[in-house]
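Sequences and hints are given; from them, build the entire structure.
What follows is the residue order along each chain.
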Amino acid sequence: MGRVSFILPLAGFALLAGIFFLYLNMIRTGERTINEIPSALINKPIPIFTLPPLPGQPDGGLASIDFAGKVAVVNVFASWCIPCRAEHPVIERLARMNVATVYGLNWKDNPSAALKWLAELGNPYAAIGSDASGRAGIEWGVYGVPETYVVGPDAVIRYRHVGPMTPDALDNKILPMIRNLKVDG
Amino acid sequence: MIAEAGHFALVLALCVAFAQGTLPLVGAHLRVTSWIAFSRPAAIAQFLLISLAFGALMHAYVTSDFSLLNVAENSHTAKPMLYKISGVWANHEGSMVLWVLTLSTFGAAVATFGTNLPPTLRARALAVQALISVGFIAFILFTSNPFVRLVPAPINGSGLNPLLQDPGLAFHPPFLYLGYVGLSMAFSFAMAALIEGRVDATWARWVRPWTLAAWIFLTAGITLGSWWAYYELGWGGWWYWDPVENASFMPWLVATALLHSSIVVEKRDTLKGWTIFLAIVAFAFSLLGTFLVRSGILTSVHTFASDPDRGVFILALLIIYIGGAFLLFAIRGPSLRGGGLFQPISREGGLVINNLMLTVAAAAILLGTLYPLILDFAGGGKISVGPPFFNAVFIPLMLPLIAVMAMGPLLPWKRGYMTGVTKRLQTAAAIAGAVLFSTWLLHDRGSALAGLGFALAAWLFGGTLTEVAERIYLFRAPVRESLRRLGGMPRSAWGMTLAHAGLAIVVAGITASSAWKVESVQSMRPGDTVTVAGYDFTFDGARRIPGPNYQAERGTFTVHRDGTFVVVIEPELRNFPVEQRQTTEAGIHSTFFGDIYAVIGMADPTGAFITRLYFNPLVAWMWGGVMIMVAGGLVSLTDRRHRVGAPSRNSGRVNAAASAKA
Numbered sequence: 001m002g003r004v005s006f007i008l009p010l011a012g013f014a015l016l017a018g019i020f021f022l023y024l025n026m027i028r029t030g031e032r033t034i035n036e037i038p039s040a041l042i043n044k045p046i047p048i049f050t051l052p053p054l055p056g057q058p059d060g061g062l063a064s065i066d067f068a069g070k071v072a073v074v075n076v077f078a079s080w081c082i083p084c085r086a087e088h089p090v091i092e093r094l095a096r097m098n099v100a101t102v103y104g105l106n107w108k109d110n111p112s113a114a115l116k117w118l119a120e121l122g123n124p125y126a127a128i129g130s131d132a133s134g135r136a137g138i139e140w141g142v143y144g145v146p147e148t149y150v151v152g153p154d155a156v157i158r159y160r161h162v163g164p165m166t167p168d169a170l171d172n173k174i175l176p177m178i179r180n181l182k183v184d185g
Numbered sequence: 001m002i003a004e005a006g007h008f009a010l011v012l013a014l015c016v017a018f019a020q021g022t023l024p025l026v027g028a029h030l031r032v033t034s035w036i037a038f039s040r041p042a043a044i045a046q047f048l049l050i051s052l053a054f055g056a057l058m059h060a061y062v063t064s065d066f067s068l069l070n071v072a073e074n075s076h077t078a079k080p081m082l083y084k085i086s087g088v089w090a091n092h093e094g095s096m097v098l099w100v101l102t103l104s105t106f107g108a109a110v111a112t113f114g115t116n117l118p119p120t121l122r123a124r125a126l127a128v129q130a131l132i133s134v135g136f137i138a139f140i141l142f143t144s145n146p147f148v149r150l151v152p153a154p155i156n157g158s159g160l161n162p163l164l165q166d167p168g169l170a171f172h173p174p175f176l177y178l179g180y181v182g183l184s185m186a187f188s189f190a191m192a193a194l195i196e197g198r199v200d201a202t203w204a205r206w207v208r209p210w211t212l213a214a215w216i217f218l219t220a221g222i223t224l225g226s227w228w229a230y231y232e233l234g235w236g237g238w239w240y241w242d243p244v245e246n247a248s249f250m251p252w253l254v255a256t257a258l259l260h261s262s263i264v265v266e267k268r269d270t271l272k273g274w275t276i277f278l279a280i281v282a283f284a285f286s287l288l289g290t291f292l293v294r295s296g297i298l299t300s301v302h303t304f305a306s307d308p309d310r311g312v313f314i315l316a317l318l319i320i321y322i323g324g325a326f327l328l329f330a331i332r333g334p335s336l337r338g339g340g341l342f343q344p345i346s347r348e349g350g351l352v353i354n355n356l357m358l359t360v361a362a363a364a365i366l367l368g369t370l371y372p373l374i375l376d377f378a379g380g381g382k383i384s385v386g387p388p389f390f391n392a393v394f395i396p397l398m399l400p401l402i403a404v405m406a407m408g409p410l411l412p413w414k415r416g417y418m419t420g421v422t423k424r425l426q427t428a429a430a431i432a433g434a435v436l437f438s439t440w441l442l443h444d445r446g447s448a449l450a451g452l453g454f455a456l457a458a459w460l461f462g463g464t465l466t467e468v469a470e471r472i473y474l475f476r477a478p479v480r481e482s483l484r485r486l487g488g489m490p491r492s493a494w495g496m497t498l499a500h501a502g503l504a505i506v507v508a509g510i511t512a513s514s515a516w517k518v519e520s521v522q523s524m525r526p527g528d529t530v531t532v533a534g535y536d537f538t539f540d541g542a543r544r545i546p547g548p549n550y551q552a553e554r555g556t557f558t559v560h561r562d563g564t565f566v567v568v569i570e571p572e573l574r575n576f577p578v579e580q581r582q583t584t585e586a587g588i589h590s591t592f593f594g595d596i597y598a599v600i601g602m603a604d605p606t607g608a609f610i611t612r613l614y615f616n617p618l619v620a621w622m623w624g625g626v627m628i629m630v631a632g633g634l635v636s637l638t639d640r641r642h643r644v645g646a647p648s649r650n651s652g653r654v655n656a657a658a659s660a661k662a
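The listed protein sequences derive, respectively, from chains A and B. Every letter in the first sequence is one number past the one before it in the numbering used here, and letter 73, counting from 1, is 73. Every letter in the second sequence is one number past the one before it in the numbering used here, and letter 590, counting from 1, is 590.
Some clues are possibly wrong.
Claimed, not checked - Computed beta-carbon distance windows for the label pairs:
| id | chain 1 | residue 1 | chain 2 | residue 2 | range |
| --- | --- | --- | --- | --- | --- |
| 1 | A | Val99 | B | Val151 | 51 to 59 angstroms |
| 2 | B | Ser447 | A | Glu120 | 52 to 60 angstroms |
| 3 | B | Gly379 | A | Pro89 | 26 to 34 angstroms |
| 4 | A | Val162 | B | Met418 | 47 to 55 angstroms |
| 5 | B | Ala469 | A | Leu15 | 48 to 56 angstroms |
| 6 | B | Ile319 | A | Ser133 | 28 to 36 angstroms |
| 7 | B | Gly168 | A | Lys70 | 46 to 54 angstroms |
| 8 | A | Arg93 | B | Leu442 | 30 to 38 angstroms |
What the hints assert, rightly or not - Calculated cross-link-like contacts (lysine to aspartate or glutamate; reagent style DMTMM-like; alpha-carbon spacing at most 25 angstroms):
| id | chain 1 | residue 1 | chain 2 | residue 2 |
| --- | --- | --- | --- | --- |
| 9 | A | Lys70 | B | Glu519 |
| 10 | A | Lys44 | B | Glu553 |
| 11 | A | Lys44 | B | Glu519 |
| 12 | A | Lys44 | B | Glu232 |
| 13 | A | Lys44 | B | Asp528 |
| 14 | A | Lys70 | A | Asp59 |
| 15 | B | Lys517 | A | Asp154 |
| 16 | A | Lys182 | B | Glu519 |
| 17 | A | Lys108 | B | Asp309 |
| 18 | A | Lys44 | B | Asp536 |
| 19 | A | Lys70 | B | Asp309 |
| 20 | B | Lys517 | A | Glu139 |
To be verified - Which stretches of chain A does chain B cover? Using the computed rule of at least three CB atoms under 8 angstroms from a CB of chain B, they are:
| id | region |
| --- | --- |
| 21 | 11-24 |
| 22 | 41-55 |
| 23 | 101-108 |
| 24 | 151-157 |
If you are wondering where the hints come from, they were derived from the structure by calculation, not from laboratory data. Keep in mind it's a predicted model, so treat the numbers as computed, not measured. Heads up, the beta-carbon is just placed ideally off N, CA and C, and yes, glycines get one too.
This is the structure in structure tokens:
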């Protein structure tokens, strides 16, 4: 072995440590967010969870059992999230079509702020689970809001849309997926 | 008061560690005997002081002293005593205290039991160990102090994450830390050897027991975590390639490689630079895991409340220790010249393949774990690398490793011939072939990989037994003579046999449970029956059961097979009011052939429950196989050569080379 092969580990380590340092700095300055959770949940059953409703809502919250035997769409939203506002009309359009049950997962939010937000923009959800701690979101593999999941009648997650729902994504991805699940189910 | 005493003890420990990290190092250089001798009492004093601090924290948890912020955040009076105790290390600050306690325990153990070590080597190793302590005690005191008071003290605490309130997980961290931190001992010895500029057979023999001990703890710790995931997360799986799981698996792979390469150093006086490199890398992976988990740079379900500022501190420690070690390696490494030459086909050759496969596997897992981070760093957006990547990379690396593993122990040192080995492995090969074809015939559902996995398990098991048969001249000498040789087998040989045979059983378990798992998710009402893998699960209903600090919904399933009663299993869904969380406790009935496994969810207003029913084949083989591997490690640890002083390369008992040549 030459002298070089003894220096390689040091060089490799220096490179890695440099990346770590710069990345940590990006996180500290807010240039990057760290809520990345790998989602290996596609084609896996939904997590077992139970969430309380937002205060005063009659829907009784959201739990795993609400997914049995129907095609459902779960929209993860929060009142503090600007893109959620942008996608809201699209989610309302989906709810009006009555092709799937649309559930809301209110993620890391202040319940009263969420209620105000819904009063202002309208409530398209058949039921809303209030996930103030974000724990259920972790179980779902959520790493940011908004996110939207399509769940089959067998309570298996079939599709995940990251970021705001666009009319295009709704027509070309979500709706065909729902139609397929209805045919199969 | 007791908490302040604990805090003070930790500050004193920092001072002692600093002295222990500097004086003996200088003393060993200048040959000042008293400074060299200082390392032993210092190591013991450091251990006692940290024990005091740990004890003070434990006292606060046991007495529910909520005037400590750390206790208030992580404990509650209604918690069972076991989880009050395990609560000490179930949070970031407390677990760091356990971390340094483990570090100083290993130091004190070397100071106490390492009587056969040359004083300068021991002093230098203890000094390096103390320098690691300095960094991590400072980390605790400056960024993660568990002794911070909370004024006014709350009436009760906010409880412990219910997922962690589990006997399996209560003991998972201590084992894992004993493993992670135990690797620091091999690291410290490697540093001491680099400073002295000498690595020889005796050095390898001294390092081996410490590496072996760390390996045993790491194996047990990883398995406890995996077992916990299996019954507590309720997914029917036992390994998820989660970043935190990977963080514990990478050091295990490298430690396994190190165990094998140190044998080559000991017996054949070669692969020295490589072995030192592995000792550094094994500990580097331990520290990297600590860094990844606690900096929040990668998040997973396991992550502690993370904080980038702490991340910077740990990164600084990582750079000082690992960067420093690699620097020393770059300077001193080239002077480590190996003595023994060997042919590619030889025991050494086999061990080199072992080392290559294991380190490449660790590197591949590192790549998969860090890839999302590096891509995000480079502005490539967020992606996730899931099980498909890891399975696609890891399995192809492990298949040849296991194939070679059966042959390695049958090869003589220096130079061997394939013909001799293949001839002796004919029986094992025949059994493996039979297993392969019967698997393919019996299971059209299984993939080709499943047949291969089983065949390799049989091959490894057969090869391992063949090696024992060879060693004791089975069928070639009178039975009495064979038995005498069996009794005379060195414990290290028994250790290898057990570890390799155990792994064969693990491989069979992994193969079956991955390839033939049957799962079914549905909504059930009392009286419903669902058939999974030939077992009829009848749901008898669910009832409320009060637990110590939770309310459980306990479902009852009666399982029949072909009309015959098999078992009643009772999965639970537990509601923890204090923590406002739920956990699932799978109902599991383990048999030799597989686990009958059920999970229950919440009821809907109409009284139907979501249930998940599984049949997980041969899972018990995995746990059993790991236990055999751990037993192998323990047996090898008691080998005579670790206890006798001043060993020389030729005085060992009948070693493998001699018996293979005979």
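Right, here's what the structure says about each hint:
| no. | hint | verdict |
| --- | --- | --- |
| 1 | A:Val99 with B:Val151: 51 to 59 angstroms | 57 angstroms, holds |
| 2 | B:Ser447 with A:Glu120: 52 to 60 angstroms | 54 angstroms, holds |
| 3 | B:Gly379 with A:Pro89: 26 to 34 angstroms | 31 angstroms, holds |
| 4 | A:Val162 with B:Met418: 47 to 55 angstroms | 53 angstroms, holds |
| 5 | B:Ala469 with A:Leu15: 48 to 56 angstroms | 49 angstroms, holds |
| 6 | B:Ile319 with A:Ser133: 28 to 36 angstroms | 35 angstroms, holds |
| 7 | B:Gly168 with A:Lys70: 46 to 54 angstroms | 36 angstroms, violated |
| 8 | A:Arg93 with B:Leu442: 30 to 38 angstroms | 53 angstroms, violated |
| 9 | A:Lys70 with B:Glu519 | 20 angstroms, holds |
| 10 | A:Lys44 with B:Glu553 | 24 angstroms, holds |
| 11 | A:Lys44 with B:Glu519 | 11 angstroms, holds |
| 12 | A:Lys44 with B:Glu232 | 17 angstroms, holds |
| 13 | A:Lys44 with B:Asp528 | 24 angstroms, holds |
| 14 | A:Lys70 with A:Asp59 | 17 angstroms, holds |
| 15 | B:Lys517 with A:Asp154 | 18 angstroms, holds |
| 16 | A:Lys182 with B:Glu519 | 22 angstroms, holds |
| 17 | A:Lys108 with B:Asp309 | 23 angstroms, holds |
| 18 | A:Lys44 with B:Asp536 | 23 angstroms, holds |
| 19 | A:Lys70 with B:Asp309 | 46 angstroms, violated |
| 20 | B:Lys517 with A:Glu139 | 22 angstroms, holds |
| 21 | 11-24 | holds (count 10) |
| 22 | 41-55 | holds (count 5) |
| 23 | 101-108 | violated (count 0) |
| 24 | 151-157 | holds (count 3) |
In terms of the numbered hints stated before, the structure departs from hints 7, 8, 19 and 23, listed from lowest to highest.
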